[in-house]
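Protein chains in written order, with our numbering: chain A, 1 to 448; chain B, 1001 to 1483; chain C, 2001 to 2119.
Hint data in this document are derived by calculation from the structure and do not stem from the laboratory. There may be inaccurate statements among the hints.
Said to hold, decoys possible - Under the rule of at most 25 Å between Cα atoms (straight-line distance), these lysine-lysine pairs were calculated in the DSS-like manner:
#1 A/K419 - A/K402
#2 B/K1345 - A/K22
#3 A/K351 - B/K1011
#4 B/K1304 - A/K402
#5 B/K1473 - A/K304
#6 C/K2057 - B/K1383
#7 B/K1459 - A/K284
#8 A/K304 - B/K1459
#9 B/K1481 - A/K284
#10 B/K1473 - C/K2091
Stated by the list, open to error - Each pair of labels, with its calculated beta carbon distance range:
#11 C/V2040 - B/T1057: 48 to 56 Å
#12 A/N3 - C/N2080: 55 to 63 Å
#13 C/V2040 - A/K284: 50 to 58 Å
#14 C/V2040 - B/C1312: 48 to 56 Å
#15 B/A1450 - C/D2107: 44 to 52 Å
#16 A/D87 - C/I2117: 40 to 48 Å
#17 A/G433 - B/S1048: 38 to 46 Å
#18 A/Q176 - C/K2103: 43 to 51 Å
#19 C/K2103 - B/D1235: 47 to 55 Å
#20 A/D440 - B/H1289: 34 to 42 Å
C-beta: ideal position from N, C-alpha, C; glycine also.
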Amino acid sequence: MANYIPNTPDEVQEMLKAIGVKTVDDLFAEIPPELKLQSELNIPAGVSEVEMARELKALARENTTVDEAVCFLGGGAYDHIVPAVIDHILLRGDFFTAYTPYQPEVSQGTLQAIYEYQSLISSLTGMDQSNASMYEGASATAEAINMATAQTRRKRVLVMQTVNPEYRRVINSLCQTMGTEIVSVPFEDGTIDPGKVGELINKETAAIVIQYPNFFGTIEDIERISAMAHENGALAIVIANPIALGLLEAPGNLGADIVTGEGQPLGIPLSFGGPYLGFLAANKPLLRRMPGRIVGRTVDIDGKTGFVLTLQAREQHIRREKASSNICSNQALMALNATIYMSLMGKDGIKEVAGQSFQKAHYLKRELAEIKGLSFPFTGSFFNELVIKFPNARKILGKMAKQGIFAGIPLDNYFSGLKDHVLVAVTEKRSKGEIDRYVDMLGGLING
Amino acid sequence: MAEPLIFDLSKDGRRGYTLPELDVPEVDPADHIPARFLRKELNMPSLSEVEVVRHFTRLSRLNHSLDVGFYPLGSCTMKYNPKVNEDMARLPGFAHIHPLQPEDTVQGALKMLSKLESYLCEITGMDSMTLQPAAGAQGELTGLLIMQAYHRKNNNHKTKIIIPDSGHGTNPASCSMVGYEVVNVKSDPRGGVDMEDLKSKLTPDVAGLMITNPNTLGLFDENIGELANLIHSVDGLVYYDGANLNAIMGWTRPGDMGFDIVHLNLHKTFSTPHGGGGPGAGPVGVKSHLEAYLPNPRIQFDGKKYKVTTKCRESVGPVLASLGNFLVLVRAFAYITVNGREGLKDISTHAVLNANYMMQRLKKTYKLPYDRFCKHEFVLSGKTLGEFGVKTLDVAKRLLDFGFHAPTVYFPLIVEEAMMIEPTETESKGTLDCFMEALEMIAAEAKENAEILKQAPVKTPVRRLDEATAARKPDINYYRKPE
Amino acid sequence: MKYTKEHEWANLEGDTATVGITDYAANQLGDVVFVEMPGVGDSVGKGDTIGTIESVKTVSDLYSPLTGEIVAVNEEIESNPGLVNEDPHGKGWLIKIKLSDPKEMDDLLSEADYKAICE
């Protein structure tokens, strides 16, 4: 077995002697005998590094990767290109084996990277400030709702039904316990009719929560709906796809008060769902309601520029039961991942990733339109994700997976009324050849 | 020289990455998306690949890290992060799978998760486990949601949670997120829970007790069995904050002590890297009577295949959109597999040995408020240096000049000028000796020339920072300067 | 000048009391970085939480020592919260309350009683 314990038996003896005991058991003497484990733990004996790696590689091989199959899955996680540079930097022990930057004098690398992250996210979303990141998109959205209810001192929150259903479930489990009333706003034609919001919004409403583009890929009118929120003294929370913002107007310029979402598209591997990156940005009046960490730029006693965790008094370790959130970590390494990605892609690169994703998704749509028996149930504008409908969808998706194409997400998983509806995502990583193969295979299976 | 901000290195027109050329016929986005939703301006830096690599490499060199040296942060369990685990987390079969792939195509991943659940159940003595929570704090929240769901189901009117005054700050913050009122219970002179104080606060509306054992003083509370019985006597539940599990693996288990709910910090006990503050993972284990409340989805094996189910109606619902921080879980699985049953016990044995070895020597120089064998960590007080005008903070800053990270300071709150030291099992006697020597030299400096401590650190990339100005005029976004 | 055990002072002129935190409190808090004030026109009751005072390391609640209506808040504090540390009994004042019952002043602590609490 591998051994990460350096002390030799001789050293152990010296240490026991220094402590003044005979055996290590003496150090555990105050554990009452009836609580002491009488036998060994019932887990396998340790193995060497190479044997362990063999076991894990065998498990990994039982999965089909998106390198082996072609991935048209989205629904919150997207198969974008991840530049090689990122992982090489993440593997620097100076980053990944560091702790939270509690001693800023020896943590300037992490702190400055977070300051850069905050600035990039603020810029991308068009907001005044961002925090240092959260766990992932769904729980970050729940935190955004808690911010809004605290700020407005209201309890009613309108959540659009076109928000990712997984997010809506998490919102239900994390917010209702705070006494928040979640009201669902139904969709029509895959999008939210502002009139529907008008019917449900009132002066008790703390916030509206809308996704941009929404779960079906459709671009919602966040401008009009944000304005309706403001007319009622409520806040507008926009869940955005950060890559889409390379092509789509920043929510901050369309009336959003809080922009949150999933940072995975910013160069984070699919990783079977995590670790990902929740981002959360807001405008100035909400600065002191922001959960989690924030890094600020300042100077040291010699006048040299440096970075510190700031506004810490909001946080759980100081406010304890009065804290606005219990979060005590961020996803620093994933925030670094996104920061490297944004720096490397740069202004033109982010636009191009968004542009190519848009172009390829629209090409797919044009090609699919030729297939008899396939329809597009929703009519709104979309970015890189769309809903298609065809008979026996689940069966056909299964067949395509066997032939090496993850062709989409069956929506009856989430909406019983959407049988045979499939959500398809296309990124810049898909080639014309892969898209053509998709269309051929699907057409063949529908009409074969 | 300070490293410039990435924005100040930018030059328009530079590219750090080249995409494959667009190979489909192009359309004009303006024909498909209303103009008001098309982006007008995007402020982002533009750099070449080599500039990006150098910038972040230079930044990395400004950090202290475990790969560089000792990191004795109490309650954080800064142990060595085995390199092979990074390789395992990067196997394409784990890193390159989509969370919504067909179940047939992720059987290996589900099998790994299911095995990890059973290992963690065995280590903690619990019956069922969810791997979903993304960190310890989210684990706490999940555990409290389970507690609340249990009481609701049983029509119990419960409003309060008892927490020892030595508890982590996260505990009360988590309680208020589910609407429970926090009742603090005092510590007794031995550092354990004051049983009389506890009894006086044990009313029928107590939902439960949140405690870590060994506690934040590093001391094992021998009364834990009786404590659990008392809480159970009012139909309360006993919650184990697993921050300090590194002290007891293979020696005793929370499940055997009477705990109903446990959360673990895989980034502490199970060696997954802290990453400068995250990601972590905070699995939650429960006894069988609480299994129904665990978050959906759950992983089940039907004898042939692993399945992800969301059927349980009593569930508190998901706390994350996915099954958890999967790649963190891969690393923890690798760690448990390599160490095995004896290895895990050795870990705790050596963590406790190292801590006691340090405590015995350092108590001669610094005040030790609770003088009895500790477990994996111990708490000293810097109060005796007060006569030289020196605070614990000064000692912490001076340690940085010696190339060590500082211990956790000013926590737990019940010890004045606290210094909480946790060496972990992966440090050698030699490292511990060097560190103790530094602490002894610093105590001597305090007597002879306290100014050295107050000026410290002097050898770090920056010196003490102006936190007041940082908070008064927050400069937290390069693109929007403070007024 | 009268005091409270929450370490606030109140100074009555006519029917309006000026309120701030004491020198002792300012020292205990350390560098004050932000004060969340009540709104002008708010009705406040004695003992109500009406805001928070945030320093680098901690946050404490601001209590109304008296019953009445907020008629002014010190707007300079927003741009210069350090005034609370520099001159807590003068330029660092926080709010002015128009009292519903000026006799309430009599219930507050005298300087001597307050000093005894701090020791």
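Could you tell me which of the numbered hints above are not met by this structure, giving the numbers in increasing order?
Hints 7, 13, 16, 17, 20 not satisfied by this model.
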